[in-house]
Amino acid sequence: MKILKNIALSDTGFVFNPSTGDSFSVNPIGLSILKDFKDGKSEADIKKRLLSEYQTDRETIEKDLYDFMKMIEQLHLTEYHEQA
Amino acid sequence: MKKQLYERPLIQRINTGLMNKFGTKTEYAPTSHIDGFAVKDLIKEFGSPVFVLSEQTIRNTYREAVRAFKTRYPRVQFAWSYKTNYINAVCNIFHQEGSWAEVVSGFEYQKAINNGVPGHNIIFNGPDKTDEDLRAAITNNSPIHIDHLDELYRLTELAEEMNKRPNVAIRVNMDTGIYPMWDRFGFNYENGQAWDAINKIMLGERLELIGVHCHIGTFMLSPQAYATAAFKLSDLALGIKKKYNKTLQYIDMGGGFASKNTLKGSYLPGTDTVPTIDQFAEAITTAILNAGFIEKDLPLLILETGRALIDEAGYLLGSVIANKRLSDGRRASIMDFGVNILFTAFWYDHKISPAQEFSSYTEDTVMYGPLCMNIDVVRSNVTLPPLKKDDHVVVHTVGAYNMTQWMQFIAMRPSVVLLGIDGKAHLIRSKEGLENIEMNEVMPEFLKNHQLSVANAK
Ligand SMILES: Cc1ncc(COP(=O)(O)O)c(C=O)c1O
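Chains F and U are the protein sequences, given in the same order. Under the working numbering, residues 1 to 84 are what the first sequence spells out, in order. Under the working numbering, residues 1 to 458 are what the second sequence spells out, in order.
In case anyone wonders, no lab produced these hints; they're calculated from the structure. Accuracy of the hints is not assured; some may be wrong.
Stated by the list, open to error - Listed next, the in silico DSBU-like pairs over lysine-lysine satisfying Cα-Cα at most 30 Å (straight line):
| id | chain 1 | residue 1 | chain 2 | residue 2 |
| --- | --- | --- | --- | --- |
| 1 | F | 70 | U | 389 |
| 2 | F | 70 | F | 5 |
| 3 | F | 41 | U | 324 |
| 4 | U | 389 | F | 35 |
| 5 | U | 324 | F | 38 |
| 6 | F | 47 | F | 5 |
| 7 | U | 2 | F | 48 |
| 8 | F | 41 | U | 40 |
| 9 | U | 388 | F | 70 |
Values in this document were obtained by computation on a predicted structure and should not be read as measured data.
Generate coordinates for the entire structure from the input sequences, incorporating the hints supplied.
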């Protein structure tokens, strides 16, 4: 999944889309995922990282990451061609 | 390295400059304990969902209301409005505190009798009293509040037949400046109906007129409306004294004080907008004290307060069944309790808090019940931390009307637990099962058997 290049991520969880003026707040785990996507990491990489860092199971991560990615799409933070 | 606590990733648009219509910060502060009892232990012991009532809160709220009135007026009597919550243990807390009973049907009347309330301390209201109900009330000297002329005539006949003199009051409706005006109950003050009824009672000489009664509405937010009502009832009482030289025993102001709930559609939470019991007490007592009674004729002031005395003592504990994302992107949680047991979800945006600690990140969520019905919405918008399946929540301020208006529809009625001041959790009504649903069913002989499996066999 490709996040828009010009999206600004702050360490406090503030997300700004300069092309629309929209701002968003994310929680720390959400921020780490957005950063990973920006750095070009794959979905599989991210899942692996989360599983090693957090007290949870694969199924929960699958479910929640899927939901989070849908939200990012819906909020128009992804590259246009991915939204089709 | 120790792994971090997991929380679902969340992202939410920030709407700067817009009024937050989703709730307030205090809402999602967790409620992990109620009166020292852990929510998760209560659910473990009594199941989920479960209604919980705090004995301490009931008694404190009651004493606070009594204090508000008794410090302003010499003679005050509360009568517990059974329909608000008639679980016997609840009624008996109020009776222990000194409250009479106010009932609106034959079975409620019988409940009060069975709870040991003396007949003359049971106020019988309502438009639907059967002959049997009226006979019982006459025999027990209960104050009967007459709702309409048909009842007045019937009561007169029964009084003759039984050779008794029933104690009666009339229910009066009136314009108190609030809308809608409840004019379907009782006799109207402004158009003279109330005086017609009074004259019929006084001249008929078969009924003993002991009081006047009103109940101007429910979840009332205006103390001024009560001042108007108290003034108008006082005016009737003084008029009766003047015309018939008859001193009434009481003025009954009914119920209707708002509880600290938030009505749907209001911007500010009920805790910020609802008048205090002191404001209602001030309005009512000032109006009566200034109406012109001589001191020895000051009537007993009766209050049939319901929701304001019990709502805050009640909690509904429940659990998340599942989470989903709706087509428009909103988050939805499906809970194990729905509008069949939380009827008041139709009127209020109930405060709902998680029962466990979370970080401060939240998400706007639609909260659904488990029923297969589109109307089963517990909160159409609530700001909550990311709840997962099996997490617990606490719904606040649910003590009034839910435990009487609930129904078995798709899901059954859960247990009710009283958190006692003795430090114990007492089961006061057990959850229902199939046997409760089928208890009154009768199967006709010809429907007892069928051969579905044979008919379908190939
Ligand atoms: C006659 C009468 N008295 C008292 C009450 C209790 O009202 P509330 O719960 O609003 O105080 C009601 C409720 O409808 C009522 O009809």
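Q. Does the structure keep residue 41(F) and residue 324(U) at a Cα separation of 30 Å or less?
A. Given that 30 Å is the threshold and the Cα spacing comes to 26 Å, the pair holds.
Q.
Run the distance test for residue 70(F) versus residue 5(F): straight-line Cα separation, threshold 30 Å.
A. holds (18 Å)
Q) Regarding the pair residue 388(U) and residue 70(F), is the alpha-carbon distance no greater than 30 Å? A) holds (18 Å)
Q. Does the structure keep residue 70(F) and residue 389(U) at a Cα separation of 30 Å or less?
A. Distance ~20 Å between residue 70(F) and residue 389(U) Cα, so the pair holds.
Q) Is the Cα-Cα distance between residue 2(U) and residue 48(F) 30 Å or less? A) holds (16 Å)
Q) Within a Cα-Cα threshold of 30 Å, do residue 324(U) and residue 38(F) meet the stated pairing? A) holds (26 Å)
Q: Quickly compare the C-alpha distance for residue 47(F) and residue 5(F) to 30 Å and report which way the hint goes.
A: Measuring from Cα to Cα gives roughly 22 Å; hence the hint holds.
Q. Does residue 41(F) pair with residue 40(U) here, judged by a C-alpha cut-off of 30 Å?
A. Distance of about 40 Å is beyond 30 Å: violated.
Q | 30 Å limit on alpha-carbon distance, applied to hinted pair residue 389(U) and residue 35(F) | A | holds (28 Å)
Of the numbered hints listed earlier, the single one contradicted by the structure is hint 8.
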